[in-house]
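Fit chains B, C and D to the known structure of chain A by using the hints.
Protein chains in written order, with numbering that gives the first Met the number 0: chain A, 0 to 354; chain B, 0 to 354; chain C, 0 to 354; chain D, 0 to 354.
What the hints contain is simulated information worked out from the structure, not anything from laboratory work.
You can take every hint at face value.
Copies of the same chain look alike in the list, so a pair counts if it fits in one copy or across any two.
Derived pair list, reagent style BS3-like, types lysine-lysine, alpha-carbon separation capped at 30 Å: (1) K85 <-> K72; (2) K270 <-> K143; (3) K271 <-> K159; (4) K188 <-> K251; (5) K140 <-> K83; (6) K309 <-> K266; (7) K271 <-> K301; (8) K83 <-> K57; (9) K159 <-> K251; (10) K72 <-> K83; (11) K251 <-> K156; (12) K57 <-> K188; (13) K266 <-> K140; (14) K72 <-> K266; (15) K251 <-> K270; (16) K318 <-> K72; (17) K318 <-> K271; (18) K57 <-> K251; (19) K72 <-> K309; (20) K251 <-> K301.
Protein chains: 4
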Amino acid sequence: MNTFGNLFRITTFGETHGPAVGVIIDNCPPGVELSESDIQVELDRRKPGQSAVTSPRKEDDICEILSGVFEGKTTGVPIAVIVKSKDAKSKDYENLRGVFRPSHADFGYEMKYGHRDHRSGGRASARETVSRVIGGAVAKKILKEQFGVNIWGFSQKIGKTEFENVDQDFIEENPLRMADREAFDTTLKLVETTRDDGDSLGGVMEIRVDNPPAGLGSPVFGKLEAELARAIMSIPAIKGFEIGEGFAITDKLGSEANDPFVAEDGKTHSKKNTNGGVLGGISTGDTIWFRAAIKPTSSIHKQQQTANNKGENIDLLVKGRHDPILLPRAIPILESMTALVILDHVMLQRGQCGI
Amino acid sequence: MNTFGNLFRITTFGETHGPAVGVIIDNCPPGVELSESDIQVELDRRKPGQSAVTSPRKEDDICEILSGVFEGKTTGVPIAVIVKSKDAKSKDYENLRGVFRPSHADFGYEMKYGHRDHRSGGRASARETVSRVIGGAVAKKILKEQFGVNIWGFSQKIGKTEFENVDQDFIEENPLRMADREAFDTTLKLVETTRDDGDSLGGVMEIRVDNPPAGLGSPVFGKLEAELARAIMSIPAIKGFEIGEGFAITDKLGSEANDPFVAEDGKTHSKKNTNGGVLGGISTGDTIWFRAAIKPTSSIHKQQQTANNKGENIDLLVKGRHDPILLPRAIPILESMTALVILDHVMLQRGQCGI
Amino acid sequence: MNTFGNLFRITTFGETHGPAVGVIIDNCPPGVELSESDIQVELDRRKPGQSAVTSPRKEDDICEILSGVFEGKTTGVPIAVIVKSKDAKSKDYENLRGVFRPSHADFGYEMKYGHRDHRSGGRASARETVSRVIGGAVAKKILKEQFGVNIWGFSQKIGKTEFENVDQDFIEENPLRMADREAFDTTLKLVETTRDDGDSLGGVMEIRVDNPPAGLGSPVFGKLEAELARAIMSIPAIKGFEIGEGFAITDKLGSEANDPFVAEDGKTHSKKNTNGGVLGGISTGDTIWFRAAIKPTSSIHKQQQTANNKGENIDLLVKGRHDPILLPRAIPILESMTALVILDHVMLQRGQCGI
Amino acid sequence: MNTFGNLFRITTFGETHGPAVGVIIDNCPPGVELSESDIQVELDRRKPGQSAVTSPRKEDDICEILSGVFEGKTTGVPIAVIVKSKDAKSKDYENLRGVFRPSHADFGYEMKYGHRDHRSGGRASARETVSRVIGGAVAKKILKEQFGVNIWGFSQKIGKTEFENVDQDFIEENPLRMADREAFDTTLKLVETTRDDGDSLGGVMEIRVDNPPAGLGSPVFGKLEAELARAIMSIPAIKGFEIGEGFAITDKLGSEANDPFVAEDGKTHSKKNTNGGVLGGISTGDTIWFRAAIKPTSSIHKQQQTANNKGENIDLLVKGRHDPILLPRAIPILESMTALVILDHVMLQRGQCGI
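Chain A with its partners taken away, still in its complex shape (with noise of 0.2 Å):
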């Protein structure tokens, strides 16, 4: 299932190996301005060769609109983007065909659809996030000029260290998307130790909704938080989700964990936001906060052993050009889905009570 989305709804497609990847977005509200280049800069944040701790493979990913905009606004017809492979000749992947390399999707694949794409994982790999980013920009847009909602996000654990500071302007200047200046030097360090040597690191980003409308979400199915968590848990290599103070949050007790409402200024809102802006489902207007662990990279540059589709137990080296770290091109990422899910909710409540 390659649709997302009750109203705001993408449909993706593409291989990394195949001759493009790209997206339809439906439903998007007409004569919103659009071009390229909105796109283009979400799609530089998440492109690989942007530093040195993203994998050095060079692709530049320039999208191309292929419909839904006219004259340079969005028509409220289906929005198709699609980005080119610049390096679609067929590179010897020959040695993988068969192989279920360790931790990746290639053995469900298998199981799933007797005949899969080995190169590089085809559908499986990364690269279909470009067109989630795709849709992402879009909505981001539309959130940012029509309801003055901004989506952002950081590292906040990078190997076994939290960060504890954060300090927004400072995301985009840095190469891991960190928001501690302070901790940056050191974690830089311990990434390019483990970049060469071979091996990856994994990690926790946290992402930030400010400003949201109160009301988003659709219980019971369509919680926001169950939105969010099937958004972010569909994103490769992401292992957990929680949103507010999560997993920690059972360490307290109920009085303690509790969060009061506050009326102050004709305004009520949560005195702790521990609960990370959303409640029974529906966002209060609060900040909506929520953090996902991203693991190691599992395509690394150390001989490992594993099976192949003969039943055979072997050693594999996997070639190639990877990242040793997944978090600064999946912060994007994650963004896009967000806003996809917190604009589709907008639409959801316009719908439903006329807003």
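This is chains B, C and D only, laid out in the frame that chain A set:
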């Protein structure tokens, strides 16, 4: 949105103080033997008053099948099941009218809908999960009988204590649905003390799906872990979801985290199953396992500060009978939502790939 | 699939000889005044026994609201409504077990599901339309009160006779829901004669939606006429659907068929409205009108030949009380399905375009 | 809403004067041999310029597969196919800006979206059906190869003349896709005369599905005839749909209309198949047949009156190359939509009932 599932679908209704709660199960396979007693056994695992550490409310939650079963077997048409409220007489909830209880859904519902049932949360009460357990009971039965799949769960952490041992036989023998026999006495004492103090505890639950078919999951947006995350995060009070090692895997290097495939006795499987039985959104055939964090019950017997819909800050003492800890009654709900997802994806897989 | 609608959604259940039929209305706008009597008035228009030319069965079809309404107003959460069967005692239908009645759904149900309720068709009985009328009653009320939209219908052809005059006031005054006062007496006589002969009649119904908003419909697959066609063709015994001039427009040249737009008094509208108020899948604001063909009641009081599930050809005389003509009771059902589509698309339009 | 289907799903995009039109086919069964030529053969049946009675525009409509096929076989992941526009250079459509062509979608689009592509209707042009034919070509191939189902269609009425004879072999031999060899010459002459006069003709098409599995269709809202009606009525210019005898059955008494089942040679089937192969929303295994009315091409070469978006009544002469009759090119589109519905329901049936 009160419908869940793609092929095996439930649609639920009901507020805690309404005349009934219930569910329509749509698209159920025909020819399945089904009676009220198959469902009742799961409802009894969820019902209040089942032990000294659940809410002492007396609800028997007797289910009635209204359609879809003929001469003891499902006919493939919608199965409607309702549970009438024993005690629908209007209690005095006037003191809660317009009040936003701390960490409850009241505020969001008022923002979203304007007009709401303030009595114990109305639709936002956990009473709606009766409907989920009914649907889950049917899904579990089909999964077990037709596919040999077994779904079970237990309390993996209560308050600050994580449990190590997993003794499956012990789970249904103790009121906390713990799987760690040794840790039980101490934990029970903690729960009782907390209850007597008018306070509450949270914790973490682990769910396991034994013997799942390989190939379940519909990338990229219907990945199995995404569907499970959505299902679990839609349950009241759940604040986090992680699959396999989840957040903990971020402490590891890629070379430590990676899980090789092993061919053994003509079968290929994951060596460590640290990814939780799912890779790239598709089940590998290994046991699926995940964890969910549930916050301490927000309804506590202590005076709290909060606000009401007149913009006043008030003191609040919520009366009523509440669970000092949600885990024991939540576990059947998590199992139910898991069963709904797994059966749905078995049917999706059959639909697409013909197995 | 027993759920209908994108935003305003109904999910229905119930067999004719089960204990109840009912519906869950999901995503209803909040704050709408609603009571059982609002629904009952439409159920009474559909119920059997309302005249000498409907089935003489005695069913009062009393509805009960189980959820979603609080202190007389909708709360935005699911509205469940059921109608208990008066007369659920098991009659003797043994002679129909395994029999495939001519032009009935029995055979298809047996092929599809294997196991089926053979008593009067079970789920395939028109009794399921009780649920549709409940959902439609709510949709109609909202459309009328909030958007000034009025939906009504009448018998446009009975047997071989097409009617010319349309006197809206006459419709609810006569048992055939005809709008042609002059043609009534002759037609009633025809129906009575046919009934007394144990036979049945079919006909064509016309539905009109007065004062619809312009802009409804979601091309290309959610075109308004497509959604209406699906809604109407899902009603038992309906064999054809046409919008505007429908099949008759094929007799014309393009220059005759084309319908110019006219600007008049500051408003632009279709001159002839031969397209039925919809062009390219979107409402123009002109009255929406369409027709549907309904076949003669298949249950007749005559001996017929048919086969059973043992591969035997048999003679069959179906007992019971049947409608000699389905149109009078079907019209409220068509109106209901129309209301569901229109309100759904008002909400979709509001969701996407913000009006 | 530009997605169609439950399990076998297409999502389409593209305007007539945009750079490309295309489709994403989702959830396709894996392992199906597929190449561009399998699709091209159907596109060629739809393309303009194929005869003297279709639009003389020269579009070759060459398709390119961008994803989902690997080494000549589908992999179960989304199949994206695009057709680039040959001639995307901006022609002069300034005279149509703000104009509402008679019986065209212009007005509705302007009401709905505010901002629209006025060049030849943009998204409302029949050019979008290229995407449908691509999806249909894949569905047809799977239905034929894996289930032995054959879908075909023909012109059953052109202008005022209904045809009687059905010679399947003749259909692809003549430019009007008529099945009546005798009536061809006269009809061709009529079409040519009408064309030369700058006018247009409508008609009725009949579609047949030979050898369908019994049991397809998902009552009550996913009844097969309802799904077909929706699919067909979503095609541009279609004004009516009827299954089996359709509107004509209303001329009969129940005793004449009823169609007995007959057990013969170990198989049970409908004697007359007057219901069109579907009863109660489920296929019986008999040939499925239905008809659809298509209006005369609204684009004619005659001066017409109409209005524009400044509230002015104007005279309009639309230039360009148009089809004098839509039927020949529409038939492959109807076949395509039919194939999409049938395959979708084969997969749904497999998903629910496990066949």
